[in-house]
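Enquirer: Protein sequence lines, in the order shown, are assigned to chains A and B.
Going by our numbering, the first sequence opens with residue 164, and the numbers climb by one from there.
Going by our numbering, the second sequence opens with residue 9, and the numbers climb by one from there.
These aren't lab readings, by the way, just hints derived from the structure by calculation.
These numbers come from a predicted model, not from an experiment.
It is possible that part of the hints are untrue.
Here are the computed lysine to aspartate or glutamate pairs in the EDC-like style, where the Cα-Cα straight-line distance is at most 20 Å [unchecked claim]:
hint : chain 1 : residue 1 : chain 2 : residue 2
1    : A       : Lys204    : B       : Glu11
2    : B       : Lys63     : A       : Glu250
3    : B       : Lys61     : A       : Glu264
4    : A       : Lys204    : B       : Asp89
5    : A       : Lys177    : A       : Glu264
6    : A       : Lys204    : B       : Glu13
7    : B       : Lys62     : A       : Glu250
To be clear about the criterion: a stretch of chain B counts as covered by chain A if any three or more of its residues have a C-beta under 8 Å from a C-beta of chain A, and this derived list gives those stretches [claimed, not checked]:
hint : region
8    : 83-94
9    : 107-116
Yeah, the Cβ is synthetic: ideal placement off N, Cα and C, and Gly gets one too.
If you want the building blocks of each chain, they are given just below.
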Amino acid sequence: GAVVSQHPSWVICKSGTSVKIECRSLDFQATTMFWYRQFPKQSLMLMATSNEGSKATYEQGVEKDKFLINHASLTLSTLTVTSAHPEDSSFYICSANGNYEQYFGPGTRLTVT
Amino acid sequence: KNEVEQSPQNLTAQEGEFITINCSYSVGISALHWLQQHPGGGIVSLFMLSSGKKKHGRLIATINIQEKHSSLHITASHPRDSAVYICAVSPHYGGSQGNLIFGKGTKLSVKP
Numbered sequence: 164g165a166v167v168s169q170h171p172s173w174v175i176c177k178s179g180t181s182v183k184i185e186c187r188s189l190d191f192q193a194t195t196m197f198w199y200r201q202f203p204k205q206s207l208m209l210m211a212t213s214n215e216g217s218k219a220t221y222e223q224g225v226e227k228d229k230f231l232i233n234h235a236s237l238t239l240s241t242l243t244v245t246s247a248h249p250e251d252s253s254f255y256i257c258s259a260n261g262n263y264e265q266y267f268g269p270g271t272r273l274t275v276t
Numbered sequence: 009k010n011e012v013e014q015s016p017q018n019l020t021a022q023e024g025e026f027i028t029i030n031c032s033y034s035v036g037i038s039a040l041h042w043l044q045q046h047p048g049g050g051i052v053s054l055f056m057l058s059s060g061k062k063k064h065g066r067l068i069a070t071i072n073i074q075e076k077h078s079s080l081h082i083t084a085s086h087p088r089d090s091a092v093y094i095c096a097v098s099p100h101y102g103g104s105q106g107n108l109i110f111g112k113g114t115k116l117s118v119k120p
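Just chain B, same shape as in the assembly:
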């Protein structure tokens, strides 16, 4: 069993829909990251959170430490949101912040 599980693996939505991507993890963590990877490969860090909720534009990320679960929400989705969304955690045992454990990603396609 992977230490970081994402669901769904693939998601197709119509423009304007509300989207939720889930991430569950099984290790103790110091932080959880949501990353966006576009088809060209470059990665953008969307959020880093260790508790509660963060909002940036149409993106919202929440985390429940007790349940070891995080969600990424996209409101009023747009075709330009099409990308792979990756959940990654910084485990307590990792020592360095860079020793991230990555989920396999959720491929999102938003149709116009």
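Only chain A is shown next, with the shape it has when bound in the complex:
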């Protein structure tokens, strides 16, 4: 089946720094990718919809200037957490639509110290 990869799988950074997370569709093209966040013992929450060649659509309550999304190609979307703070520590997951199915990446665990 289709594969979506994420890099890095985990990252620890200091408060105030920025972190970039990559999401790639490995064997299909995805005009739309999605970014989710999951806090411990909670459901996944959609943060934003990433559209190739256009601006991302953010969900209510998600700061677009803090969570920068770039979908530069049909196989790559990036999420940059700018000026990270400990409360941004979470599990970030991307997904992509392909062949009328939705495929999830393995996730990136971000810890901000």
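Using the hints provided, position chain B relative to the given structure of chain A.
Expert: For chain B alone, kept in the frame of chain A given last:
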């Protein structure tokens, strides 16, 4: 009230048992997904269905659109089935297929 409700929240079973996880939703949907999340966090899509029943190996998923209810069954359960099982729906109003509404998940532990 959550738009997607799962039951039970936690489930412990003995190896070999037949397992059922239920999902009820309150919105009109275009599709329902069953996902599996292992302790490391990665998510695997098990099924996407909009009607009827699907089977893959020991896993069976059914959906009743009229009753807004879906079930995930695991036959001959095994310790490696231990994971969190998440029900998610694609609402009609969502527009994009990715605008999923997730249930809180069912944590399954299968004991040898």
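Enquirer: Which numbered hints turn out to be false for this structure?
Expert: As far as the earlier hints go, 2, 5, 7, 8 are violated by this structure, in ascending order.
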